[in-house]
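Novice: Chain by chain, the residues run as shown.
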Amino acid sequence: MPGMTRRSLLGASVLAAVGAATGCSSSSSTSNTSSGATGTLDWWDHFSSFKHLNDDWAKKQSGPLKTNVAHTYYDASKATQALQLAHQANKMPDVYSNVVGLPLPALVSGKWVHEVTIPADIKAKLPKDAFNEGITQLDGKLYGFPMFSLRQSSTLVWANKDHWSKAGLDPNNIPKDYGAFKDALGKLKSAGIQPLTLAIGADGGRIRDQVDDMAQAAGFPGYQGLQFTTGEYAYHHDAYVTVIEFLKSLNDDKLIMPGSNNFGVVDARTRYASGAVGTFIDGVWCAGGSKALAPPIVDKLASGQILVPTAGTNPWCYRGRPSSGYFVSADSKNPDAAGQLIASFMTEDYQKGMIEAMDQPPLNLDLVASSNAVDAYKKGIEFCKSNVFLMPQAIVRNPAQARVDALRKPVTPHVGNIVQGYLAGSIKDLKAELKKLSDATSADREQALSKAKAAGAKVSEADYVFTDWKPGQDYGAAK
Amino acid sequence: MQLSRRRTDVRAVEQRPRHGWKKTTWIWIFLLPTVVLYGLYTIYPIIASYWYSLVEWNGFDSDQKFVGLSNYKEVFADPLFWNSFKVTLLFMLLVVPARVLLTLLLAMVLNSPKLPLIGVLRSAFFIPVVTTTAIIGVVMRFVLDPSTGPINSVLMKFGFSGVDFLGGQHLALPTAAVLYIWKFFGVTMIYWLAALQTIPYELYEAARIDGAGTWQLFRYITLPMLKPFLIIITVLTVEETFHNFDLMYTLTAGGPYFHTEIVEIYIYRWAFAAPIPQLGHASAAAVIFGLLVAIVGAIQLWGVYAGRRLRGEQR
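These protein sequence lines map, in sequence, to chains A and B. Counted from 1, the first sequence has number 338 at position 338 by the UniProt record's numbering; the numbering is strictly sequential. Counted from 1, the second sequence has number 93 at position 93 by the UniProt record's numbering; the numbering is strictly sequential.
It is worth saying that the hints were derived from the structure and are not from the lab. Glycine included, C-beta positions come from ideal geometry on N, C-alpha and C. Fair warning: there could be bad hints in the mix.
[As the list claims (entries may be wrong)] Below are the SDA-like pairs computed for lysine to any residue, each with C-alpha atoms no more than 25 Å apart in a straight line:
{"hint": "1", "chain 1": "A", "residue 1": "Lys-91", "chain 2": "B", "residue 2": "Ala-48"}
{"hint": "2", "chain 1": "A", "residue 1": "Lys-300", "chain 2": "A", "residue 2": "Gly-264"}
{"hint": "3", "chain 1": "A", "residue 1": "Lys-189", "chain 2": "B", "residue 2": "Ile-151"}
[Stated by the list, open to error] Now the in silico label distances, taken between C-beta atoms and shown as ranges:
{"hint": "4", "chain 1": "A", "residue 1": "Ala-89", "chain 2": "B", "residue 2": "Pro-79", "range": "33 to 39 Å"}
{"hint": "5", "chain 1": "A", "residue 1": "Asp-238", "chain 2": "B", "residue 2": "Gly-159", "range": "55 to 61 Å"}
{"hint": "6", "chain 1": "A", "residue 1": "Ala-191", "chain 2": "B", "residue 2": "Lys-65", "range": "56 to 62 Å"}
{"hint": "7", "chain 1": "A", "residue 1": "Thr-347", "chain 2": "B", "residue 2": "Trp-82", "range": "41 to 47 Å"}
{"hint": "8", "chain 1": "B", "residue 1": "Ile-43", "chain 2": "A", "residue 2": "Glu-133", "range": "44 to 50 Å"}
{"hint": "9", "chain 1": "A", "residue 1": "Lys-333", "chain 2": "B", "residue 2": "Pro-79", "range": "47 to 53 Å"}
{"hint": "10", "chain 1": "B", "residue 1": "Pro-79", "chain 2": "A", "residue 2": "Lys-453", "range": "27 to 33 Å"}
{"hint": "11", "chain 1": "A", "residue 1": "Glu-245", "chain 2": "B", "residue 2": "Pro-79", "range": "22 to 28 Å"}
{"hint": "12", "chain 1": "B", "residue 1": "Gln-64", "chain 2": "A", "residue 2": "Asn-364", "range": "28 to 34 Å"}
{"hint": "13", "chain 1": "B", "residue 1": "Ser-123", "chain 2": "A", "residue 2": "Thr-72", "range": "38 to 44 Å"}
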């Protein structure tokens with residue numbers, strides 16, 4: 001027998017690699033390691049405030065579902081990648097939270113989701129408009145239901161009661177307009193307190209959402225740059241310019257904590273929760289998120305509404321219909337139990353736990369007032385209940401628009417990046433940069449529409465035009 | 001003469017004992033795991049990325065639509081790709097001269113037999129190398145924090161205003177470069193120490209007897225003897241600076257406003273951080289970046305060759 005040569009070694013290596021690759025490939029649909037086959041119902045999500053609630057809930061549900069429910073929490077920034085890898089390796093959890101980011105038709109065609117059946121008593125608890133073709137159901141088949149109310153905000157003002165009182169300010173009466181708010185921050189600074197922090201850094205995703213919200217409150221008649229009545233992108237609208245110039249003035253006057261330009265959400269929230277800063281602009285979930293980071297902050301929480309440019313302006317914001325909170329995986333070996341687990345999230349016990357965790361608000365906002373949540377959270381929810389409205393959506397009018405959404409590409413720099421650049425001094429002409437963004441976003445929609453049309457989708461730019469939209473009310477409510 | 005040497009080689013192979021295959025087979029069997037893993041985790045992804053660069057794929061769908069060179073066209077037309085390219089090269093220009101020259105000076109000091117605590121000092125400079133880069137990035141964000149970090153606290157105590165090292169558009173990249181130099185100082189220092197130890201001590205002794213001073217020893221002995229190593233170490237350091245994702249991502253994530261977005265972060269942003277990932281676009285950028293690294297690799301080979309030739313000449 002001849003000795004092994006380099007050539008034969010490489011040959012053997014290739015064979016071994018092919019063998020290993022085959023072992024890892026997607027063809028092994030009968031794998032015994034799949035979660036369902038081993039009698040475990042795997043549940044993954046990215047809700048940090050619900051981590052303990054969900055760990056306990058998994059234990060509680062193991063009995064009634066007659067299977068071992070295993071809950072795993074993933075940081076929001078890692079969850080998408082984890083699911084991406086799990087899907088390619090045929091190791092999807094039975095139940096997972098909706099972080100994939102694809103529209104429902106793409107999830108269905110990509111074999112990500114399984115149809116679910118919800119018991120009648122649970123279905124009765126859900127509002128009728130929770131079920132929408134293209135968002136939660138497709139061709140009449142239900143794939144999930146929303147967990148959270150659309151009436152929420154990423155952009156409430158959160159104050160530290162102790163710091164505000166020390167500066168001679170009333171934390172229960174946080175200013176609502178830009179001028180008064182800036183004066184209050186000035187008083188905090190004079191009292192030797194870092195006045196304000198925002199999550200401007202990382203990928204700029206949070207400040208993008210917040211500027212979108214603030215632009216609506218400043219009078220922008222649309223969502224994420226898209227005007228409802230014309231269907232055109234107008235990031236260069238005066239409302240966006242007003243909001244960003246206001247943030248710039250806070251930065252120039254050194255009222256924003258140094259380093260905020262580089263802070264991600266957790267960095268900024270940690271500063272607020274630890275008492276290093278007097279004010280923080282964050283979502284309604286700030287109460288739960290801060291409590292998770294530093295429990296003593298709970299007694300010092302105070303909240304105020306989204307800021308408006310001038311006193312007396314209506315702080316109205318608009319959001320789309322919420323999509324499913326959870327999905328059942330198409331590969332689940334036990335889709336019935338998985339569906340029952342999702343349905344259990346609508347039971348009174350779980351809803352109560354959700355509210356006490358003070359994260360995103362539940363579908364039924366009326367439950368919050370009588371809960372054990374802190375007053376600052378309740379105040380934030382009350383504000384959202386009266387000032388956040390349902391917006392018109394192309395996908396609701398024409399579910400085929402989901403194919404366009406799936407073909408959209410990221411446009412950079414986005415509004416969050418532009419804020420970062422403007423505050424850091426890298427952008428000199430704000431309006432010109434916003435106009436470029438409007439043009440680039442329009443071009444991207446155009447390419448997605450063209451591709452979708454070429455693939456047979458019946459879609460048009462007219463789907464985005466809602467001439468009957470009225471500010472300060474839910475779209476379609478007057479019909 | 002060459003012909004006769006070849007004949008001798010052939011004879012040597014023919015005379016090799018027949019049981020030699022056992023010995024070589026074991027060698028190859030022990031190498032097999034490395035070769036398989038290297039194939040799976042290095043060669044396969046490289047080949048796959050060439051394919052992905054030609055398709056439109058979000059990583060979620062099973063559909064991969066062949067789009068030819070359109071991803072490359074998009075990458076070339078994206079000003080942020082060229083920005084990341086510029087940042088990568090600028091970072092390399094900031095890091096390489098400082099790393100190569102400062103470590104040479106340090107290595108010469110640490111190579112002196114008269115210096116006390118040489119072992120302790122060498123270890124101290126090498127410790128950052130063995131520390132996880134991402135951990136260094138996270139810790140340094142606290143150290144450099146403009147309001148609560150220790151450096152700014154000291155500055156403010158002396159009446160200076162706080163410095164936003166990582167959030168300022170002009171400061172972020174140089175700050176990251178300084179941290180990178182510090183982190184990998186020990187690696188280049190070890191290269192230089194190894195190189196310095198190849199210089200025969202007798203040369204220095206002879207020169208000293210002839211009346212040479214410190215500068216003359218450096219100018220006429222150390223420097224010429226180190227020239228071959230200078231090429232290799234420089235090329236190795238250039239190549240290393242292209243792979244700086246972990247430190248830069250944990251320090252700045254590419255901000256503020258793309259001022260520290262190196263090509264690796266650009267690729268990551270398109271592949272994983274986009275709401276709908278664009279693996280085709282990311283792969284095209286990765287292939288183009290790979291070509292740059294390959295060019296540097298070719299220069300590296302040339303460097304090794306040139307270094308050997310120079311050393312040959314010196315002998």
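Novice: Return the numbers of the hints above that this structure violates; sort them in rising order.
Specialist: 5, 7, 12
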